[in-house]
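Going by my numbering, the letters in the sequence shown line up with residues 1 to 236, in that order.
FYI, nobody ran anything at the bench for these hints, they're computed from the structure.
For each residue, glycine too, the CB sits at the ideal point set by N, CA and C.
Wrong hints could be hidden among the right ones.
Stated by the list, open to error - FRET-style restraints, in silico, Cβ to Cβ:
| # | residue 1 | residue 2 | range |
| --- | --- | --- | --- |
| 1 | Gly174 | Arg219 | 48 to 56 Å |
| 2 | Val30 | Ala184 | 41 to 49 Å |
| 3 | Ala193 | Pro97 | 31 to 39 Å |
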Amino acid sequence: MTGAIFALTANMVVALLFAATYLVLSASKVARRGIRWFAASYIIGAATPASEFLVRATSYPEIFVATSFASFSLSFHVMAHGLAVYYGTALPRWLLPASFVLSLVVRAAIWGGPRNTMPYELIYQVPFAWGVGLCAVVIARAAWRRPIGRLLVAMFAVLSLHFFVKPFVAVALGTGATAKDYVASPYAMFSQALSGILLIGTGLALLLVVVHDMLDAVRLDADVDGLSGLSNRRAF
Numbered sequence: 001m002t003g004a005i006f007a008l009t010a011n012m013v014v015a016l017l018f019a020a021t022y023l024v025l026s027a028s029k030v031a032r033r034g035i036r037w038f039a040a041s042y043i044i045g046a047a048t049p050a051s052e053f054l055v056r057a058t059s060y061p062e063i064f065v066a067t068s069f070a071s072f073s074l075s076f077h078v079m080a081h082g083l084a085v086y087y088g089t090a091l092p093r094w095l096l097p098a099s100f101v102l103s104l105v106v107r108a109a110i111w112g113g114p115r116n117t118m119p120y121e122l123i124y125q126v127p128f129a130w131g132v133g134l135c136a137v138v139i140a141r142a143a144w145r146r147p148i149g150r151l152l153v154a155m156f157a158v159l160s161l162h163f164f165v166k167p168f169v170a171v172a173l174g175t176g177a178t179a180k181d182y183v184a185s186p187y188a189m190f191s192q193a194l195s196g197i198l199l200i201g202t203g204l205a206l207l208l209v210v211v212h213d214m215l216d217a218v219r220l221d222a223d224v225d226g227l228s229g230l231s232n233r234r235a236f
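Can you make the complete structure from the sequences, with help from the hints?
Structure, rendered in structure tokens:
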């Protein structure tokens, strides 16, 4: 149980650090729109490990079982929106809200279902895989021609696919008889560690893209006359 609690704590702290980093970057004059949505995504995501702590610490675990799932799903949908804003990619206005609501409907449909069975565990993970997959599609549409864009697509794709691996491990190791037993289950440490590593890796790849784009904007600003739009003496 100690290992799982450590992983939950680490995931929450890392999410908040990413959020703080994006908020600082968004204050730059060369920052693109959308970066604050990245920060919002990580702030919302930090509520997931916090909720899992509260599942065990309170007498009303059902509330925090719901907020754990909802915050995790919402964080990916907010990230997809942020990426669409960042890359200037138009998405149907209904798509992300409808997708998020559908994820909640799916979770409600298996509420109280038999844990540690393949149908339950697979259905539980599918909304997360879908949400991350939307992020990968948004990036692929806008930045596939750039090597750094393909790297980011690959990171989000791997993150999405790992949610299809987790049900098999959950059934093999066991997730606990109840939500309160989850943190002490053999599966908890695996789940938190694997997802944490992949989320950090994806977050660092996205941060690399943002910083790279900001440096390009700084170079362009230094080499182009702001009034005429022509290359200045430094550029020549």
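These are the hints, each one checked on the structure:
Checked against the hint of 48 to 56 Å, the C-beta distance between Gly174 and Arg219 comes to roughly 54 Å, which is consistent with it. Under the hint 41 to 49 Å, the C-beta atoms of Val30 and Ala184, about 48 Å apart, fit the expected range. The hinted range of 31 to 39 Å is satisfied by Ala193 and Pro97, whose Cβ atoms lie roughly 32 Å apart.
Consistency with the previously given hints is maintained throughout, with no hint failing.
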